[in-house]
Each structure stands twice: as structure tokens, then as C-alpha cells.
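Spelled out from the first residue to the last, the chains are:
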Amino acid sequence: MIRKIIISMSLLAAIQTAYASEDEIEAGKILYRTYCTQCHGIEGDGYGINVADMEVLPRDHTDRKEMMTRTDKDLFKAIKHGGKSVDKSVLMPNWDGNLSDDQISALVQYLRSLCCTQKQK
Amino acid sequence: MPVINRSPDSATVGSVILLGIIGVVAAQTAIASDTEKYIQDKCAGCHALSADDFDVNDMSERLRRKGPPLYYAGDKFKKEWLQGWLQSPSRIRPGGGFPPDHTVVTDDGDVIDEKTLPEHPSVAKPKAGDVAEFLLTLHLKARPPLKTAYQPKEVSPMLGKMNFNKFKGCSACHRDEEGVGGLSGPELYSAWNRLQPEFMVSYIKNPVAWDPHSMMPNKHLQEPEIHKLVDYLKLIGEKRP
Numbered sequence: 001m002i003r004k005i006i007i008s009m010s011l012l013a014a015i016q017t018a019y020a021s022e023d024e025i026e027a028g029k030i031l032y033r034t035y036c037t038q039c040h041g042i043e044g045d046g047y048g049i050n051v052a053d054m055e056v057l058p059r060d061h062t063d064r065k066e067m068m069t070r071t072d073k074d075l076f077k078a079i080k081h082g083g084k085s086v087d088k089s090v091l092m093p094n095w096d097g098n099l100s101d102d103q104i105s106a107l108v109q110y111l112r113s114l115c116c117t118q119k120q121k
Numbered sequence: 001m002p003v004i005n006r007s008p009d010s011a012t013v014g015s016v017i018l019l020g021i022i023g024v025v026a027a028q029t030a031i032a033s034d035t036e037k038y039i040q041d042k043c044a045g046c047h048a049l050s051a052d053d054f055d056v057n058d059m060s061e062r063l064r065r066k067g068p069p070l071y072y073a074g075d076k077f078k079k080e081w082l083q084g085w086l087q088s089p090s091r092i093r094p095g096g097g098f099p100p101d102h103t104v105v106t107d108d109g110d111v112i113d114e115k116t117l118p119e120h121p122s123v124a125k126p127k128a129g130d131v132a133e134f135l136l137t138l139h140l141k142a143r144p145p146l147k148t149a150y151q152p153k154e155v156s157p158m159l160g161k162m163n164f165n166k167f168k169g170c171s172a173c174h175r176d177e178e179g180v181g182g183l184s185g186p187e188l189y190s191a192w193n194r195l196q197p198e199f200m201v202s203y204i205k206n207p208v209a210w211d212p213h214s215m216m217p218n219k220h221l222q223e224p225e226i227h228k229l230v231d232y233l234k235l236i237g238e239k240r241p
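Residue numbers (this note's numbering), protein chains in the order written: chain L, 1 to 121; chain H, 1 to 241.
Please note: incorrect hints may appear among the correct ones.
To be verified - Once the Cα atoms are required to be at most 25 angstroms apart in a straight line, the calculated SDA-like pairs of lysine to any residue come out as:
#: 1; chain 1: H; residue 1: K161; chain 2: L; residue 2: M54
#: 2; chain 1: H; residue 1: K239; chain 2: H; residue 2: V155
#: 3; chain 1: L; residue 1: K29; chain 2: H; residue 2: D211
#: 4; chain 1: H; residue 1: K161; chain 2: L; residue 2: H81
Since the hints were made in silico from the structure, they are not lab data.
Sequences are here, hints too, so could you generate the full structure?
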């Protein structure tokens, strides 16, 4: 019985992860605009207002091919613990002091919509 | 001819002094309440003047406010700078209070639409002093206090810059010289002239403890590392005319 409950719960969690709610994506969109667009750009293409003097360009979040090589876990880690934690630039800071895990998850879902489910340019 | 003793008795002197003190206190209170009313009218629309007036949980609070919160102005600003800046304000945040509101997408990447950046109103001289005086009475009631001691040390320009840019990544959002660096955060080449050093240390240590909607990350730096950054801000700030 307990095993069945655990399996059902795991399935439910998997389904929830696979199908992020519209609300979560919308929450992620507001967070993205607030915390990410300065570097990653209003359209997520990596050309934000801060990049003129950067030695490394911020990730283009609309690059489907590139983004598909990252798991949700990778994206979550990069946002929470910064670029250094995933062997990327120190210019990408850790946002764990500003954002809760739920907010970071919402951002990951928004990134997925940005790269891979929205209409490609 | 009788000599008229013109010196008043001690009771009269006491009364005059007392009346004088009451007069001065009443006048100061009038100035304070007048200034407080002025600040409520002119500043509160864009700046949070008390922590209770800054909703921690509501993100729209951040988006609504055009200026930084001022409920810890007394912990943050240097008096002389504040008095001068109020009279002749210059832009500290190249991208405005909330950069995404002032950003436009172009073929050459995103740029700040300077037309949309609001100018800070200037305050005439006598009033500027009163306003600065009042703002400097505003402190964050944090226990334990957030500010800690800071003792400046020499830092070489090259190592300081390298730390600011490459090691700590501050230049992603902040400029350490005019025309160089990020635009979303306040420029930092005048930070030393504007801000109390202990505040800088404390803000770098934990930005959201001061401003819950701060867009500055907490890099989990140890105090000696933070001191080195502030040493660099001192170096570049003091170089300015």
C-alpha cells in the first residue's frame, strides 16, 4: 500500500515537473524581467544593457539547441549558486539570497518556455 | 542718589532661560514637523520612508517605487554629500530605479532609453539642509545592528580593479569609472563620497537585510573580502575631483 502511495506521489511529482503551470511560468516571467533581463536581455537573447563591457556574453536563453543541453537541475543550480557553481562565469551571480527555491523553479520553467516552447525567432 | 540694581534676580533669569529654551525647542519642532510634512508630500511617492511602508512580500512594491527606500537613510548617507546632492542632484543609477522599465530592444542589443529616466527634483538650500537632517534621523531597527566596524587599508589600483571586475564580478552591473561597466546598478565611482563605509560593508554582506527587494545578490563574502572591495571604492572615490 505504502509503496503504491510512494509510486503515485512520484508519478504526480514527475507530471507536475513536466507540465509547469501557466501561473508558474507567468511568475517566472516577472522574476526574469526583474532579475535577469539586465544581462540576458528583455527578449532573453543575451544582449542586455549590461553586456557592452563584458568579456563573456551572457547565455542566449532563446538558443534552443544550447538550452537543450542543460537539465532543469543545471539551470536551477546556475541560478541559485551562480555561474561559478557550474563552471561558468563569475559575472553570473548566485541568487540564493534574493530568491526562494520556488521562485528559482518558476524561473527555470520560464526559461524552458523561452527557449523551447515559445515561437522561435 | 540710590543706585538702581539693574541685574535681574535669579528667578527672572531662570524664567527667561526657560522661555528661551521652550522657544527654541518649539521652533525646532515646528521646523521638524514642517520638514516631515514636506518629505511626506515630496518624497514618499517614490521612496519608502518607513520599513512598514515597504511590503516585503509583494514584488510589485519594488516595481512601483521609482527611488530606493529611505527608511535607513541615516545609516546610509554621508551628511555633507546628501545636503549637496539634494540641491544639485545628478544621476547615480544609469538605468533608473528599475532598469527594465527604461530598456528598449534595438538591433544592436538592449539600450537604456534616457528620455524615460526621471530627473530627481532639486531642493533649495535652506530646505535641503532640513531635509538631509531629517533623513539622517531614519535608521533601520535591526537587532543585532547590521553595521560592523571597518578600518580602511591601502589597495593597489590594479589589484582593486581586478578584484572588482574579475574575481567578484561587480562590474557586471556597476561602473567603477565613467563609461565602463554595467548599467543596471548604481555607479560606484562616487560611492565613497556618498555612502558611510560601514553601510557599504554591511550592504555588500547582505543586501536584502536592508532592502528586501534589492536586486543585488548576496555573494556570501567574508568581511575581509568585503573590506578589500570597500578599500577599492575608497581609492576610486577619493581620486575624483
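So, going through the hints one by one against the coordinates:
1. Restraint check for H/K161 and L/M54: satisfied, since their Cα atoms lie roughly 14 angstroms apart, inside the 25 angstroms limit.
2. For the proposed pair H/K239 and H/V155, the alpha carbon gap of about 13 angstroms is at most 25 angstroms, so the pair holds.
3. Distance check on the hinted pair: L/K29 and H/D211 sit about 22 angstroms apart at the alpha-carbon level, within 25 angstroms; holds.
4. For the hint linking H/K161 to L/H81, the alpha-carbon distance of about 24 angstroms falls within 25 angstroms, and the restraint holds.
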